[in-house]
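Starting from the structure of chain A, add chains B, C and D where the hints point.
Protein chains: 4
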Amino acid sequence: MNSLEHHGEYKYFGNIRRRLFVIIFGTDTRSGRIFDIVLLTIIILSIIAVMLESVKDFDEMFEKELEVLEWFFTILFTFEYIARLFTSHQPRRYAFSFLGIIDFLALLPTYLSLFVTGTQFLIVIRAIRLLRVFRILKLSRYLGEAQILASALKSSRNKISVFLVAVISLVIILGTVMYMVEGGENGFTSIPRSIYWAIVTITTVGYGDIAPQTILGQSIASVLMLTGYAIIAVPTGIVTSEITAANSRRKEKVEKICHSCGIGNHDEDAHYCKNCGEELL
Amino acid sequence: MNSLEHHGEYKYFGNIRRRLFVIIFGTDTRSGRIFDIVLLTIIILSIIAVMLESVKDFDEMFEKELEVLEWFFTILFTFEYIARLFTSHQPRRYAFSFLGIIDFLALLPTYLSLFVTGTQFLIVIRAIRLLRVFRILKLSRYLGEAQILASALKSSRNKISVFLVAVISLVIILGTVMYMVEGGENGFTSIPRSIYWAIVTITTVGYGDIAPQTILGQSIASVLMLTGYAIIAVPTGIVTSEITAANSRRKEKVEKICHSCGIGNHDEDAHYCKNCGEELL
Amino acid sequence: MNSLEHHGEYKYFGNIRRRLFVIIFGTDTRSGRIFDIVLLTIIILSIIAVMLESVKDFDEMFEKELEVLEWFFTILFTFEYIARLFTSHQPRRYAFSFLGIIDFLALLPTYLSLFVTGTQFLIVIRAIRLLRVFRILKLSRYLGEAQILASALKSSRNKISVFLVAVISLVIILGTVMYMVEGGENGFTSIPRSIYWAIVTITTVGYGDIAPQTILGQSIASVLMLTGYAIIAVPTGIVTSEITAANSRRKEKVEKICHSCGIGNHDEDAHYCKNCGEELL
Amino acid sequence: MNSLEHHGEYKYFGNIRRRLFVIIFGTDTRSGRIFDIVLLTIIILSIIAVMLESVKDFDEMFEKELEVLEWFFTILFTFEYIARLFTSHQPRRYAFSFLGIIDFLALLPTYLSLFVTGTQFLIVIRAIRLLRVFRILKLSRYLGEAQILASALKSSRNKISVFLVAVISLVIILGTVMYMVEGGENGFTSIPRSIYWAIVTITTVGYGDIAPQTILGQSIASVLMLTGYAIIAVPTGIVTSEITAANSRRKEKVEKICHSCGIGNHDEDAHYCKNCGEELL
Chain A
22 MNSLEHHGEY KYFGNIRRRL FVIIFGTDTR SGRIFDIVLL TIIILSIIAV
72 MLESVKDFDE MFEKELEVLE WFFTILFTFE YIARLFTSHQ PRRYAFSFLG
122 IIDFLALLPT YLSLFVTGTQ FLIVIRAIRL LRVFRILKLS RYLGEAQILA
172 SALKSSRNKI SVFLVAVISL VIILGTVMYM VEGGENGFTS IPRSIYWAIV
222 TITTVGYGDI APQTILGQSI ASVLMLTGYA IIAVPTGIVT SEITAANSRR
272 KEKVEKICHS CGIGNHDEDA HYCKNCGEEL L
Chain B
22 MNSLEHHGEY KYFGNIRRRL FVIIFGTDTR SGRIFDIVLL TIIILSIIAV
72 MLESVKDFDE MFEKELEVLE WFFTILFTFE YIARLFTSHQ PRRYAFSFLG
122 IIDFLALLPT YLSLFVTGTQ FLIVIRAIRL LRVFRILKLS RYLGEAQILA
172 SALKSSRNKI SVFLVAVISL VIILGTVMYM VEGGENGFTS IPRSIYWAIV
222 TITTVGYGDI APQTILGQSI ASVLMLTGYA IIAVPTGIVT SEITAANSRR
272 KEKVEKICHS CGIGNHDEDA HYCKNCGEEL L
Chain C
22 MNSLEHHGEY KYFGNIRRRL FVIIFGTDTR SGRIFDIVLL TIIILSIIAV
72 MLESVKDFDE MFEKELEVLE WFFTILFTFE YIARLFTSHQ PRRYAFSFLG
122 IIDFLALLPT YLSLFVTGTQ FLIVIRAIRL LRVFRILKLS RYLGEAQILA
172 SALKSSRNKI SVFLVAVISL VIILGTVMYM VEGGENGFTS IPRSIYWAIV
222 TITTVGYGDI APQTILGQSI ASVLMLTGYA IIAVPTGIVT SEITAANSRR
272 KEKVEKICHS CGIGNHDEDA HYCKNCGEEL L
Chain D
22 MNSLEHHGEY KYFGNIRRRL FVIIFGTDTR SGRIFDIVLL TIIILSIIAV
72 MLESVKDFDE MFEKELEVLE WFFTILFTFE YIARLFTSHQ PRRYAFSFLG
122 IIDFLALLPT YLSLFVTGTQ FLIVIRAIRL LRVFRILKLS RYLGEAQILA
172 SALKSSRNKI SVFLVAVISL VIILGTVMYM VEGGENGFTS IPRSIYWAIV
222 TITTVGYGDI APQTILGQSI ASVLMLTGYA IIAVPTGIVT SEITAANSRR
272 KEKVEKICHS CGIGNHDEDA HYCKNCGEEL L
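Chains as they are written, first to last, in my numbering: chain A, 22 to 302; chain B, 22 to 302; chain C, 22 to 302; chain D, 22 to 302.
One chain only, chain A, in its complex shape:
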């Protein structure tokens, strides 16, 4: 009887758990969608609250209210985190997944601020939770697009890193040359600062807080800018080329599936399965 009671209890909790699971993790049911939209709204509100806290005038007027809000949101998210752990079929897997870790880290700062001051702004790690927005939209479609982007960036990783090492070498050398040419009185007070200037220049950001004043310095800067002009084309070229490739790969590889060995990924003009040689229909 005890066991039966226990079983009934388990069944009862199992039911709640299952229902909660559908609401929290599901995206297809109405309740699942509503949960996601409410969650996103709360995330956005909590980020705005943190931002406002950093605006002096605002913080002075509503200091208490903002603090209360922050704790309110944090406790809400804590309950949500526990519910996710509780309802998930594999709590461990969720806890160590990318989204699970972000969910956890987004809770920490408020609790930490009890012991260490100044950490509460780390709450904006919640911004990463905004990625959940894709769950509300037609998830799978966006996942496909994100995968194309990710696969394109993955293929171009090697080329980009070759490119970055070359840019960093260039920037270190030109930064040092400018430090020697311009000197401290024109703002190039140290090599690290000059390298910072070179990065600001080659990426075409150009704050203007440091700018060459001598004719020689301006000439070198001109060469650097025109070089950067040609150089900015390289990562763009790499990524574009890979995105085009990833796009066409995806298009080509959806349709034909071999009825004999079940392998897909055939070219559009394929008449025979590339894996088993069976005719494709």
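One should not assume that every hint holds.
Said to hold, decoys possible - Using C-beta positions, here's what the derived DEER-type ranges look like: (1) C:178 <-> A:205: 28 to 36 Å; (2) D:168 <-> B:178: 34 to 42 Å; (3) A:76 <-> D:206: 54 to 62 Å; (4) B:104 <-> A:78: 37 to 45 Å; (5) C:50 <-> D:59: 56 to 64 Å; (6) D:234 <-> C:118: 33 to 41 Å.
It is worth saying that the hints were derived from the structure and are not from the lab.
Glycine included, C-beta positions come from ideal geometry on N, C-alpha and C.
Relative to the frame of chain A, chains B, C and D by itself:
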């Protein structure tokens, strides 16, 4: 008789209406083209008038003249709007079309300025009317080009939105980190302001009104810039890839196919099939 | 006898003319190449002289020398121009060709400066003459490359102009909105100035001489920048797509020529002439 | 006997030499990899030391220590250089190779600083040695990627140089025009300085140290920026197009061809011809 008279009247107005329609909406007849060119010139003049009104020295000298001009243009455009409504076969459809709404909104500000001050500058919504310029040029050709652009941007919409959410998350987090690193004395007075700085930096605009001063801040900024350097490649890659696809899609539509061997992919100037030598029709 | 003498004279001058023609217009002979290199050096020197004249300290020290140099170069180029007219087979065609007009305009400013002051700096129109540099290098190869670029830019002209009108409309409207939001005290003193700011921002130049100060202004600016971020992708996409097309067009169309009708431009996989149906070998 | 002894000695040294060669030049053995990682770490440390030397506060505190460190690193690199010369099979070829020259130049500045002051910062030429980082990673793979980049940049060299000459001409002319329009009181104090401004603007760097103040100047600048906006698309387009071509060229090289029907274009994982079903070898 009454009915006949009415009919004659209707016929008479019908004639005027038809003629006006050709002039106002047509682009092929001489009068239609002249109307479009005159209209565009007046639109440009009215925009310039509004601009000059905002230049202090100029406004003080010609205050009255500019006000008269503004009313003159507005009344002219009001008559044009009424004529469009009157001559259009489907006045309702015109009124709620994109161009129809713009035409209406472009009239409002002047009339509104009778009741509310400061609204007259909203007149520049007339700038959107400049899109009519394509009517004067060979319309259809430009429409084709615009459609390619539009279709390319439409296909890349999903990828771009994935990309934008990622950028916004990055910008919120890095903005907050910089707020904590640099602090108010270096211009990073609040998180929203720091996020504004991060956007200015990652888009390589770089005003320089806010710029990091500490070595740690400059290091983070350098990483952000180099990241932005690689990131700027992504939307470019997406759009380029889609424009290439849209271009080739359009080309394919015109394609010639051999009725003998069924092979396509012929040049536009091909008279014979490149595969079997059969004449192409 | 008179006629014979004249003939001899003509022949004599004809010889000089022919030799001069080879030197001045030729690029294959040794003397022709030396002439081009010397000419380019003189053009560069004359441009540098004009630049130095504008540097105050330098001009005060060497005012006379620079003026002498300027006249020396101008007289030299005048002789060159006369020699080109004299030796060219079709002097008129040369005089009205692109390079001929530039050669002539490059002479004018110095002579004009006798009558009107301040025009001597227009001499830098000589910079366009630098395009002659491609004559020294293997001309034809660069011409091919330039033609690809030109043809790509020509094909994308329509798309780019659609794009530019859209950008100009956007910039006028956002410039006006910012004028109303920020107002004169933050540097947005007039609509034209605000439009100038919008252009500076959307092209990611970002001087920082005008920058939004209010939170609303900074928000609008952020949207404008992120839009510009996506927008900058469009012309790049257009041109890239066209350059790829122009490149492949050129590659495909060189090889196969029909031995029957002499028509080239066949695809690589063509077995039969697309013009006359003859088999290709 | 003398010769034998000599032979033994030679053999002994030969052994050391061979072992050292494997360590210094090899990348596959464990000792070779450790050597490379240690070397890279030392290079990075030596660059950081030079940078810190340029930071005033730091240099005053640790002047002696930094000088000692610099000499320590230089002597270490001198030994490494001698070892490379000693163990290399073709010392001359190494000495005049790209990496060999960089290795030598990276030693010079410290020794030169004994005779000439201010040269020690040239040490950052060691930054180029960072390119050795690719030796530690899977070298061949990165070499392949670097070759694609290099081959793409090589193919686009001609087009880029056509483009650069055009940009330089444009920049000289517009710089001069702005000098005449704005004049010295607005920062355009000389033509070279105005050209520097034009380069800063057309590359979208936009420091803002010089910015047009007059309405005419701002109008010209706006045109320049919008032109630059379209122009920045050109090198990107060129490089993208070439990278795509280089990528596909490489892919084609690996291609499988059916020995039965002669059709190529099979996927890398294809075991059977997609056209005739024959097994691929």
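Against the structure shown, which of the earlier numbered hints fail to hold, in ascending order? Violated hints: 1, 3 and 4; rest satisfied.
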